[in-house]
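Engineer: Top line first, the protein sequences correspond to chains A and B. Taking the working numbering, the leading residue of the first sequence gets 1, the next gets one more, and so forth. Taking the working numbering, the leading residue of the second sequence gets 1, the next gets one more, and so forth.
No lab work stands behind these hints: they were computed from the structure. The beta carbon of each residue, even a glycine, is placed where N, CA and C say it ideally should be. Among these hints, one or two may not hold up.
Said to hold, decoys possible - Beta-carbon label-pair distances, calculated as ranges: (1) A:Asp87 <-> B:Gly105: 29 to 39 Å; (2) A:Glu70 <-> B:Gly138: 36 to 46 Å; (3) B:Gly138 <-> A:Arg6: 46 to 56 Å; (4) B:Ile127 <-> A:Arg2: 39 to 49 Å; (5) A:His86 <-> B:Ala133: 36 to 46 Å.
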Amino acid sequence: MRRPLREVRDGQALAVLSAGLAIVRRRKHEPIDFEAAGKKGALRRLTGKLYGSKFSAEWTLDRYVKWITEQVSALGWSLQTGPIHHDVVEAQIMGYCQGQPVHTIRIVSDGRHLHAYPIEDTYV
Amino acid sequence: MSESVELPLGEKGHLVDPPIVDHLHYDAPGQRYLVTFIPDDNVSHNEKEVVVIAKRSSDGKRVSLRLRQLSTLFGKTVESFVHGGGGDFSFGFSDNSTARLSDGGLDPATTAQAYIELQDLGMIAQIAFRERALARSGS
Numbered sequence: 001m002r003r004p005l006r007e008v009r010d011g012q013a014l015a016v017l018s019a020g021l022a023i024v025r026r027r028k029h030e031p032i033d034f035e036a037a038g039k040k041g042a043l044r045r046l047t048g049k050l051y052g053s054k055f056s057a058e059w060t061l062d063r064y065v066k067w068i069t070e071q072v073s074a075l076g077w078s079l080q081t082g083p084i085h086h087d088v089v090e091a092q093i094m095g096y097c098q099g100q101p102v103h104t105i106r107i108v109s110d111g112r113h114l115h116a117y118p119i120e121d122t123y124v
Numbered sequence: 001m002s003e004s005v006e007l008p009l010g011e012k013g014h015l016v017d018p019p020i021v022d023h024l025h026y027d028a029p030g031q032r033y034l035v036t037f038i039p040d041d042n043v044s045h046n047e048k049e050v051v052v053i054a055k056r057s058s059d060g061k062r063v064s065l066r067l068r069q070l071s072t073l074f075g076k077t078v079e080s081f082v083h084g085g086g087g088d089f090s091f092g093f094s095d096n097s098t099a100r101l102s103d104g105g106l107d108p109a110t111t112a113q114a115y116i117e118l119q120d121l122g123m124i125a126q127i128a129f130r131e132r133a134l135a136r137s138g139s
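Bound-form chain B, shown alone (with noise of 0.2 Å):
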């Protein structure tokens, strides 16, 4: 990995507070979606927490929503997509490309709606976790 060595991007771009999903992927044989979230530190502590959301449940219904309109925003169907650090994601479609949000390819207003699903993201796996946590401790 010391292939990378310069200051990660991100500073200079949009900032983005957690809860922030750091991975996302939709496992069609499961039919579900294996989120990886930073959590709010009143939250968890740890750096990541990992969700489970069935796609037919109502908080897969939502991430469903989130994707279409990301997909909408990008003109094509989003599959996955990574935080990168910072402000930074990157995406995978179905078609097999890539794009990271700090490449540029979206106009600004097209990338602050794109910033606007992605927290709600983060916001529906925070909550999905934190709904299981209270549950397995009877709360």
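Just chain A, same shape as in the assembly (with noise of 0.2 Å):
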């Protein structure tokens, strides 16, 4: 049976994909409690560049899995694409950058591992 995604350590694989890259554990860009730290004036710092951006509250880890799995498909990326990365526009707030609401994804290939987090909006 498979292991609880929440079991997963930080940093260690939470699922690999069939083109041999795995998507890791990033508990630092998991969602906070945000009413709480906006309240100690905290939500900057805490989705800053030293703590992470972090995602909004209805990303489970179920979900980070399913959708990474599905950007990475569609991208095409494997093992032999090498270190890259591609951002997302979704039209709902995705997540929390330097204390703002934001809509932007990046997913992050290293070559092996996966990971993805909130970036600042771009775009006007």
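Could you use the hints to bring the two separately framed chains together as a complex?
Structural biologist: This is the structure we're talking about:
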């Protein structure tokens, strides 16, 4: 039986795609209590470069794995692709970056491992 | 991911500043280190950059040395590690075990030494990244 995704340690593989790339867990980008962080005036710091941007609360690990799998399959990335990244802009808020709600997610591959995190919106 | 709702660790721990290694892994088939790092704002405003460092290169030898130092501190071979936000890092070892710097398994002096190695690794990654960027631009 498959181990529950929430038991996977930080930096370990949540799933390995058929193309050989591993989706790794990155806890620092997982949702936090945004309301509590906002009340403490800490949202900007806790979603900045040092603590990492955060996915919005709707993002479960299941959704994270399914979403990256779909995106990377469509992009056709494999072990032969090498380091690469791709940005996806969605209509709804995907997370928080530097204290601001954002709609853009960056998927990064170092050539073997995949992860994703919200980034600042660059469109106007 | 909504299972994790607590505030991140690190606020009471050691402060680290970019460049910080976000994810380092040795790719044995490719004989190279795959390094994702958080760059200093003066180098890149992106949250992360990626650099691949051949193990046999001078940068690769510097990375190997720091990983050996970290392995000595932990008493087992470090194969990979990730930044957990703030001053926290999670390590993966060759025996498939893992440890977090915030677990408190190391004494304060050893933890401080681990941070020195981690900061050096961040600097090595950033210099390698910048040298390649300069080479690409012909500077």
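Engineer: Are the hints correct? Go through all of them and say.
Structural biologist: Okay, the hints, checked on the actual structure:
For the hinted restraint 29 to 39 Å between Asp87 (chain A) and Gly105 (chain B), the CB-CB distance of approximately 38 Å keeps it satisfied. Hint check: Glu70 (chain A) to Gly138 (chain B), Cβ distance near 39 Å, so the stated range 36 to 46 Å holds. Between Gly138 (chain B) and Arg6 (chain A) the C-beta distance comes to about 48 Å, which sits within the given range of 46 to 56 Å. Distance hint for Ile127 (chain B) and Arg2 (chain A): a CB-CB separation of about 41 Å, consistent with the stated range 39 to 49 Å.
Remark: the range hint 36 to 46 Å for His86 (chain A) to Ala133 (chain B) is contradicted by a beta-carbon distance near 20 Å.
Violation of the numbered hints given earlier is confined to hint 5; every other hint is satisfied by the structure.
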